[in-house]
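K.L.:
Use these hints to put chains B, C, D, E, F, G and H onto chain A, whose structure you have.
Here the protein sequences line up with chains A, B, C, D, E, F, G and H, keeping their order.
Take the first sequence: its position 21, counted from the start at 1, is 21 in our numbering, and no numbers get skipped.
Take the second sequence: its position 43, counted from the start at 1, is 43 in our numbering, and no numbers get skipped.
Take the third sequence: its position 235, counted from the start at 1, is 235 in our numbering, and no numbers get skipped.
Take the fourth sequence: its position 28, counted from the start at 1, is 28 in our numbering, and no numbers get skipped.
Take the fifth sequence: its position 171, counted from the start at 1, is 171 in our numbering, and no numbers get skipped.
Take the sixth sequence: its position 97, counted from the start at 1, is 97 in our numbering, and no numbers get skipped.
Take the seventh sequence: its position 34, counted from the start at 1, is 34 in our numbering, and no numbers get skipped.
Take the eighth sequence: its position 121, counted from the start at 1, is 121 in our numbering, and no numbers get skipped.
Don't read these hints as lab results, they were simulated from the structure.
Computed from a predicted structure; not experimentally measured.
Beta carbons: idealized from backbone N, C-alpha and C, even for Gly.
Do not rely on the hints blindly, as some may be mistaken.
To be clear about the criterion: a stretch of chain D counts as covered by chain A if any three or more of its residues have a C-beta under 8 angstroms from a C-beta of chain A, and this derived list gives those stretches [unchecked claim]:
no.: 1; region: 131 to 141
no.: 2; region: 144 to 152
no.: 3; region: 215 to 226
The lines below spell out each chain.
There are 8 protein chains.
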Amino acid sequence: MRDSAAGDVQPSLDLGFATLDLDRSRRQGLPEVVYGTGKTADEIVEIVASLVAETAGPVLATRIETDAAAGIIAGVAVHVGHRAHHDPAARTICWRPAARRTTNVMVVTAGTADGPVADEAAAVAAAAGLHVRQIRDVGVAGIQRLLDRVDEIRASDIVIVIAGMEGALASVVAGLVAGPVIAVPTSTGYGAALDGITALLAMMSSCANGVTVVNIDSGFAAAMAAHRLAIAIETRSS
Amino acid sequence: MRDSAAGDVQPSLDLGFATLDLDRSRRQGLPEVVYGTGKTADEIVEIVASLVAETAGPVLATRIETDAAAGIIAGVAVHVGHRAHHDPAARTICWRPAARRTTNVMVVTAGTADGPVADEAAAVAAAAGLHVRQIRDVGVAGIQRLLDRVDEIRASDIVIVIAGMEGALASVVAGLVAGPVIAVPTSTGYGAALDGITALLAMMSSCANGVTVVNIDSGFAAAMAAHRLAIAIETRSS
Amino acid sequence: MRDSAAGDVQPSLDLGFATLDLDRSRRQGLPEVVYGTGKTADEIVEIVASLVAETAGPVLATRIETDAAAGIIAGVAVHVGHRAHHDPAARTICWRPAARRTTNVMVVTAGTADGPVADEAAAVAAAAGLHVRQIRDVGVAGIQRLLDRVDEIRASDIVIVIAGMEGALASVVAGLVAGPVIAVPTSTGYGAALDGITALLAMMSSCANGVTVVNIDSGFAAAMAAHRLAIAIETRSS
Amino acid sequence: MRDSAAGDVQPSLDLGFATLDLDRSRRQGLPEVVYGTGKTADEIVEIVASLVAETAGPVLATRIETDAAAGIIAGVAVHVGHRAHHDPAARTICWRPAARRTTNVMVVTAGTADGPVADEAAAVAAAAGLHVRQIRDVGVAGIQRLLDRVDEIRASDIVIVIAGMEGALASVVAGLVAGPVIAVPTSTGYGAALDGITALLAMMSSCANGVTVVNIDSGFAAAMAAHRLAIAIETRSS
Amino acid sequence: MRDSAAGDVQPSLDLGFATLDLDRSRRQGLPEVVYGTGKTADEIVEIVASLVAETAGPVLATRIETDAAAGIIAGVAVHVGHRAHHDPAARTICWRPAARRTTNVMVVTAGTADGPVADEAAAVAAAAGLHVRQIRDVGVAGIQRLLDRVDEIRASDIVIVIAGMEGALASVVAGLVAGPVIAVPTSTGYGAALDGITALLAMMSSCANGVTVVNIDSGFAAAMAAHRLAIAIETRSS
Amino acid sequence: MRDSAAGDVQPSLDLGFATLDLDRSRRQGLPEVVYGTGKTADEIVEIVASLVAETAGPVLATRIETDAAAGIIAGVAVHVGHRAHHDPAARTICWRPAARRTTNVMVVTAGTADGPVADEAAAVAAAAGLHVRQIRDVGVAGIQRLLDRVDEIRASDIVIVIAGMEGALASVVAGLVAGPVIAVPTSTGYGAALDGITALLAMMSSCANGVTVVNIDSGFAAAMAAHRLAIAIETRSS
Amino acid sequence: MRDSAAGDVQPSLDLGFATLDLDRSRRQGLPEVVYGTGKTADEIVEIVASLVAETAGPVLATRIETDAAAGIIAGVAVHVGHRAHHDPAARTICWRPAARRTTNVMVVTAGTADGPVADEAAAVAAAAGLHVRQIRDVGVAGIQRLLDRVDEIRASDIVIVIAGMEGALASVVAGLVAGPVIAVPTSTGYGAALDGITALLAMMSSCANGVTVVNIDSGFAAAMAAHRLAIAIETRSS
Amino acid sequence: MRDSAAGDVQPSLDLGFATLDLDRSRRQGLPEVVYGTGKTADEIVEIVASLVAETAGPVLATRIETDAAAGIIAGVAVHVGHRAHHDPAARTICWRPAARRTTNVMVVTAGTADGPVADEAAAVAAAAGLHVRQIRDVGVAGIQRLLDRVDEIRASDIVIVIAGMEGALASVVAGLVAGPVIAVPTSTGYGAALDGITALLAMMSSCANGVTVVNIDSGFAAAMAAHRLAIAIETRSS
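Just chain A, with the same shape it has in the complex (with noise of 0.2 angstroms):
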């Protein structure tokens, strides 16, 4: 079809079960993510195969279980035999890696049990081409923590901030540091905690200005958005 506003090509491909935004790349810098959840194996690996054949840049499938991955790795490769990278921590496989871009990105967590979400969010920023820093486990209740590394994070364009329970991270990180603070608040906790809902709500009430707020577990949400913030900061910088 035609783009109404542009009247360039926007090209999508029509799978059956899927139809694949194959002008995804050109529009926002990145091919479409392969969202595993929901997917059969089969499904992931004729999405990831036309991507890869279909599209540039790095194709990216998020939220693969252990088990599916070395299957999705062989059924893609049979089709168009890319290498691929997958961090089983993450959850992610990888092929096509972007290059390396001049955006640095600083990943906090509060607590270790926020450490699979920090892991999504760095192996899609990284997929993504941007440079990823972490630090682990320096929520509020002992904030000598976090106080001993706020020049590193002052130091980042980019701030994410990943917390469970109350989410009170990131209203302390957003008083600190003057740059964009993207907060995902995280499952983590029981009881009042809510599956993180509390944690979402809390971070959308932050008393620190201009917190913004991503779904809960998100690590992939946070580095999309980065990846956004990238293209604005890259834009102007080149």
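P.N.:
Below, chains B, C, D, E, F, G and H without anything else, positioned relative to chain A:
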């Protein structure tokens, strides 16, 4: 009636619209506190006059709107002639405040809008004889405001932390002090703050160990919890 | 006090009812913004006058009801004599707006009822020196209104999308642009719109990658998030 | 018993554990549909066999797990010998599908994970004799996928839109077509998607006029609503 | 702009505070309806005058408070001189009502307090040219009131059921009729009725197949859904 | 119409805005009760006058604001001349109260603020002919107030327990008495009391067996439940 | 200890992990019922054996999984040798059922999936000596199924209505019968049915007067409420 | 780093996946407690071994599943050779329990199913050196069980009340004792108990003054709150 456990008298007084617990003072160290919401001025006068006449110790009415205070004070004076102290900011009236006790309480607020809740907490605690100090507007968005004053806070027997929005101050304070922390969520904030529910859930889910929480905007409940703690402290130290 | 990490001075000013974070401007590029709700006009005057006197850069008060604005402006003038800009639609007053910066922000609303939130976002962003343009009432029920203007939106560094009801505009815009998208749910709508909670949850759950979300009706938070992004952009491009 | 309004017989059949509404077909154009959840295979067999024996028209069982299907089909065959069609993706078994009617239905899904709900909608609608077409995975994150196919959608009598996460597809489709739109929220998504509650509330709050909504994941309810609409359409067009 | 799918013109009109969808009438058979809540009288006048001038067919404003109606009617008259019909019970004003169409709608309410929602539904449906009849206060607590009138209800093309509290009327009506049932939950009731949320959830969970639901108190949405159905009916029967 | 089960006449009266269930008295021992909220004074007058004229037994209107009562009483008098009893505390007006029956009901409240709900319960029960006694303000914070009066409570056929906040009184009373306990949650309290939802959920979850619950603040519902119980009691004892 | 009100002995038995209320039978006509969830088989055996040994009347255990039943029965037999009745559908075991009483209870369910809750209600009521009859699957989608059997229902002293989804059956039944109606919401349904919360809220909000409600899926609570009612009925009729 | 307030060292230890707060013991009288959920056995071993090696005082791990305990104990022994105490009921392992302190704590539960939460509270409090006694299963349904033991409860410095369902025990106990009451809602119950949310909200809304509340099922939090109180008590009494 006879106390089933101890056999001592537990008097109560039936006013028709209310049944006063005249034994409260003996049992808990303070007479019943009169909660003004939902009671007419005449009812408050009759209850207060009865409590002043029939019990010893401070008689306290809370949630008294400023318009109604003078009439209540005058109405009570007709009956029992006692002097009253009206604190408009706290919305309290106190007759016969308690003698000064040895326990001291620090009331800390996150923002200026939390002030009225702190006023209620301070007025109720003072009526019960506790020594109260306050630090206001030291929320975590500018955490140096809090760190500057940690020594003052640590020097108190009991800390009451009052915060709305995401309520993060409770976790940070509890991480810095060793003694009891009573957290009061407030309805400060809007949208995702859910009229204080978010702060309540967040404080409940605090990553700092051993924070206890009372009802939204209830400076009163925090002060009464402090009174309970002070009984334990003073029993042992006497 | 001394900053534990960097050793530099972080002053604050205790007004009794408030503790001003005088270091905010150094730390985050803007002085504290005064949130008017829950503060008396006298308190606002005292805080603003102190910030004007003690800090550099724009001083901004938000959520100021129109009736109170003239009194506040006059009250501040007594102290420090600075000129003020009152924007009744945005409910803001600004003293010493920032110099024009290089980052531009596009504010897009779904419906006319979302206008006041857009006004607040625009006023706050402008006070911070950002360049702001607006497109109003291009909700998805008549999607050609949005498609007509995609090029304008894509030409901005940062997009703020403001929508109530089901909040679908955020997903559609984020699917069309590559750069950062900050979504603001509004309380527009009734019944199942739940005073903005539905739009908040929907924006959080967006199928478009990397949308970030701020609190309901908070044009302010969106503008401050844009300010944070602009710092990252301008740091790199300078 | 006698129908109080019309005097005609409204038979029902008491099986002890169930009371079959044998009049349903006369009253609504289709016999009772058997909802499999919470019933044993034996109960389903007995109900289906009774309906096949005592009523005319298609007999349909939904939410039948694949493991149970063969046993149910065999069990029913013992009693009445009718042929059955099992659709594992839709989790339905149909005996005696209806003759093809004149009304056509378009089923549109936002993502591949919404497929099973679409399968149920399509299977139930087809069993009722409606003509069904499907378009899959045209969510708003890549809106050109939808715009490409607007003409196909507009050519249908009835549109069923199936979407999880924020459910924005329902609003966009309803803005593009003139005829009836039945929205089905799905439990696709996580965190703030609240197992489909967010999509349900969002669809209810749609800015596009006249969207109607059925229960979460209920392809069945959407198909039955389409059946009701088709009765109105076909009554008038016959 | 050009419609990407069909190439035809889709005009819109930018009023600054609003962007009118002038193509709506061509696309959906009715011009944009003006939702009064959150708009000033001047804004409503400008929008209505533009729609009257630039489009054909009925122009309708809803949720207009009685105090504001005369001014709006007068304001519009200055511009385009058209006659208006104000229905205070429905809170609507209509200019140029549509010609009478062939589809008829029955509006049934459970209680007298649901009347205003029925008034809105009836006024909007009538403005769109549908033939409307009403039956009021036949809730299930005295079910003979409903059973007495089943034949009248069955004789309609479309049934709109309006009920608050537990909303049971929708299920009972849907069990008795074959055609389309649009359920409108209302905020009638208190306590556990949760301002209509309970009726909304109950109608969504109806044991009667194929009930569709619109937003709480939205007689407007129900009427627009009926308009959509009528398009399907009339397209086929013409 | 004819009752489908029993063949006897079930009259109803269509007033246009309301359909009166004239058979209610025969079927349930009391005519329809007129719920005042959401009805105009004229509507109430017309309904009451019709019920007085067309039915036997007590005619009761509830939730009548004090300002409206005299006008309603006068309006009804014009039509049918019956005497009325207005209870401002209960917000009820009763015409032709029932003769005294043999069943007695004890209404127990937890706090003075629960008084209006008790007033409504008592007025409605008395209008229905039940014998009502009350005990007020015996909440569990001073449990000797309740224990003192257990014998009185046990001597009643039916106990209605009215409590807000945490609603604990219902569990304690139900643990002490053998007969039926109807619990009424009230909206007394604030914050976590959630306008009565907390008490409702708590009473539902009572550890005392066999507590039944009615809607928040509904003294009316409790009295009607007592009326139902009294029918069972009196049927058997007569 | 001594009962403060009446002076009679109220024995309890401390088992370490449990404190048995041995006075329950005297106070409420039935010994404590053993709720199996969360207790080990050994704990259940010890509690049941103690109750059989120390009290009179039926001893009942509920929520006993089928796998555990034989072991519990055997374990109890070692201690006290009494015969037990295990009802797997109801998940109950009963020792020494009560003698048949005069009160009869009708249990009505809306759907076949509500059967297990009805089984529990019937088993508990029967253990308490009540006479129980059942009517199943007469939900309002085919209301003639219910109307056919109104006379049977009206002939009962007490009606228990069990329904999930929207729970409308409770309102319809309560509109048809005069005596006490105890409504039990069930977790039958999905999506908007919210695991029974929707039915609970709907039953609470019933437009039919005087419906009382117990906890979700609690056939037990309904039966115990019936037991309480039966005490009132039988006390008066004896 | 240097403590900004006091200048003393606040060491922390970075393990990569965790950052240990080695200063916790100095600051709060106890080293960090290791929360087992979401950590691998290897991570727990490494953390515990580090804490044993680097800090003084009791090292405690909570929420350790029984299967994992032996391996953890063995793993730690390899590193530091300390003896461990595993309490399977409490799911805790303790190394180097604290010396016996002077403060005593009474743990009271409402039902037998609340036992595991009491076990955790008791184990944690004992590890911290507090003297713990317990009373179990004295819920308010048989209130004489509680009244029998009031003197024992009153003799404690601190009372922890653990209850699920409606949580009424907290209010009743707090009405009977003068000292501090820490309420722990539990997830005991079903349906309207909402996995402990109902008890949490009810305890928050307690009519008994000064009850404080911790998170659902968190025996740990209650014990830590008791530890904080004990510090205040012992500081003053020493």
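K.L.:
Hint by hint, note whether the structure agrees.
P.N.:
Hint check:
1. Only residues whose beta carbon comes within less than 8 angstroms of a beta carbon in chain A count, and the region 131 to 141 of chain D has 5; three or more means the coverage holds.
2. Using a Cβ-Cβ cut-off of 8 angstroms, 4 residues of the region 144 to 152 of chain D lie near chain A, which meets the minimum of three, so the contact claim holds.
3. For the region 215 to 226 of chain D, the proposed coverage by chain A is not satisfied: 0 residues have a C-beta within less than 8 angstroms of a C-beta in that chain, short of the threshold of three.
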